[in-house]
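Chains as they are written, first to last, in UniProt numbering: chain C, 1 to 177; chain L, 1 to 169.
Accuracy of the hints is not assured; some may be wrong.
Where chain C lies over chain L, by a calculated footprint (3+ residues, C-beta under 8 Å) [claimed, not checked]:
| # | stretch |
| --- | --- |
| 1 | 1-15 |
| 2 | 20-34 |
| 3 | 42-48 |
| 4 | 97-103 |
| 5 | 118-125 |
Hints are computed from structural coordinates only; laboratory data are not their basis.
Think of the CB as a built atom: it goes at the ideal place given N, C-alpha and C, for glycine as much as any other residue.
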Amino acid sequence: MSSSTCPYDAALAERLVALSEGGLPLVANPWAWLAEQLKVSEEQVIALLQAMQQQGALRRVAAVPNHYRLGYLFNGMTVWDVADEHAHALGEQLAQLPNVSHCYLRPRHLPQWPYNLFAMLHAKSRAELDNQRAELAALLGPACQRSDMLVSSRILKKTGLRTRRPATSEGDSHAAS
Amino acid sequence: MDRHSLMCQLLDRFQKGLPLCAKPYAAMADELGVSEAEVLSCLAGLADSGVLSRIGPVFEHRRAGASTLAALAIAPAELDQVAALVSAHPAVNHNYAREHRYNLWFVVTGCDRAAIDSALADIATLAGQTPLDLPMLESFHIDLAFALDHAAIALSQPSHRAEVRACLP
Numbered sequence: 001m002s003s004s005t006c007p008y009d010a011a012l013a014e015r016l017v018a019l020s021e022g023g024l025p026l027v028a029n030p031w032a033w034l035a036e037q038l039k040v041s042e043e044q045v046i047a048l049l050q051a052m053q054q055q056g057a058l059r060r061v062a063a064v065p066n067h068y069r070l071g072y073l074f075n076g077m078t079v080w081d082v083a084d085e086h087a088h089a090l091g092e093q094l095a096q097l098p099n100v101s102h103c104y105l106r107p108r109h110l111p112q113w114p115y116n117l118f119a120m121l122h123a124k125s126r127a128e129l130d131n132q133r134a135e136l137a138a139l140l141g142p143a144c145q146r147s148d149m150l151v152s153s154r155i156l157k158k159t160g161l162r163t164r165r166p167a168t169s170e171g172d173s174h175a176a177s
Numbered sequence: 001m002d003r004h005s006l007m008c009q010l011l012d013r014f015q016k017g018l019p020l021c022a023k024p025y026a027a028m029a030d031e032l033g034v035s036e037a038e039v040l041s042c043l044a045g046l047a048d049s050g051v052l053s054r055i056g057p058v059f060e061h062r063r064a065g066a067s068t069l070a071a072l073a074i075a076p077a078e079l080d081q082v083a084a085l086v087s088a089h090p091a092v093n094h095n096y097a098r099e100h101r102y103n104l105w106f107v108v109t110g111c112d113r114a115a116i117d118s119a120l121a122d123i124a125t126l127a128g129q130t131p132l133d134l135p136m137l138e139s140f141h142i143d144l145a146f147a148l149d150h151a152a153i154a155l156s157q158p159s160h161r162a163e164v165r166a167c168l169p
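Given these sequences and hints, build the entire structure.
Below you can see the structure in the form of structure tokens.
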């Protein structure tokens, strides 16, 4: 996937990351703003972003909504113990469901932690969260040995995205892991 | 297009990504049949209300360094104290209380795996237990259309907005 057909300047990319990870100013031409800060041309900025995207270092340049502000106050981390040989296919299926914001395969840690598939759910009520979990359980069926859902009760720290205002977004929970 | 429909359209489309071309907002305005100024003013409104956390690049952090999801099982009476210590560690950048025996969940990041191990060792010392260490093995592709039908509903209900604000810290 990361075929390096178009290598980019890693030092410049690092400066771009530092400059933009907290967000871009809302101006008609954000690339020109980046170009001015980085002291390169606007074309170089666009080419750098495109190269980073092609090589998988940049997912997208996007508007990141705050799901919490949109009314999604309940966040449940569902965890599932599924057979390793089916985990990839099942993870892809869970990721397609509309309320799943993140879906990851992680190692088990036996005996205390038997779960390997993680799917993050968001809802406006606890009951809605329980319904969503039941949908996931129905989809996994007998492929899942056991499961649990860890509902977040409090956000204690969230600095990973360096958002400009002290808002919190459950939608980004554990995004960087 | 009225302001509310424009908001929903912009959230929906920009969540999936801005075009990497010159004047990306003008390109989106053309597609939606509105002016660039309307797009910018609408996005500014969404940012001011806190519905947009930011507009900017979403990097694949896994390629930029190392990270892991870690958890601790803390006695409820000590949770606040331990949580504060964990949050204060510079390698920790998300920290959530969750309802479970493992009740403190946090992301540890570092430039490489050795930095993660070192941070986890610090946390083990201050918490008096070894944290669960659950690094991502695979990330499944998410359809970014997540939640936007509902978002539109939330935006259209002023009473609900007030309720949300009331719940915020």
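Numbers of the earlier hints that this structure fails to satisfy, in rising order:
5
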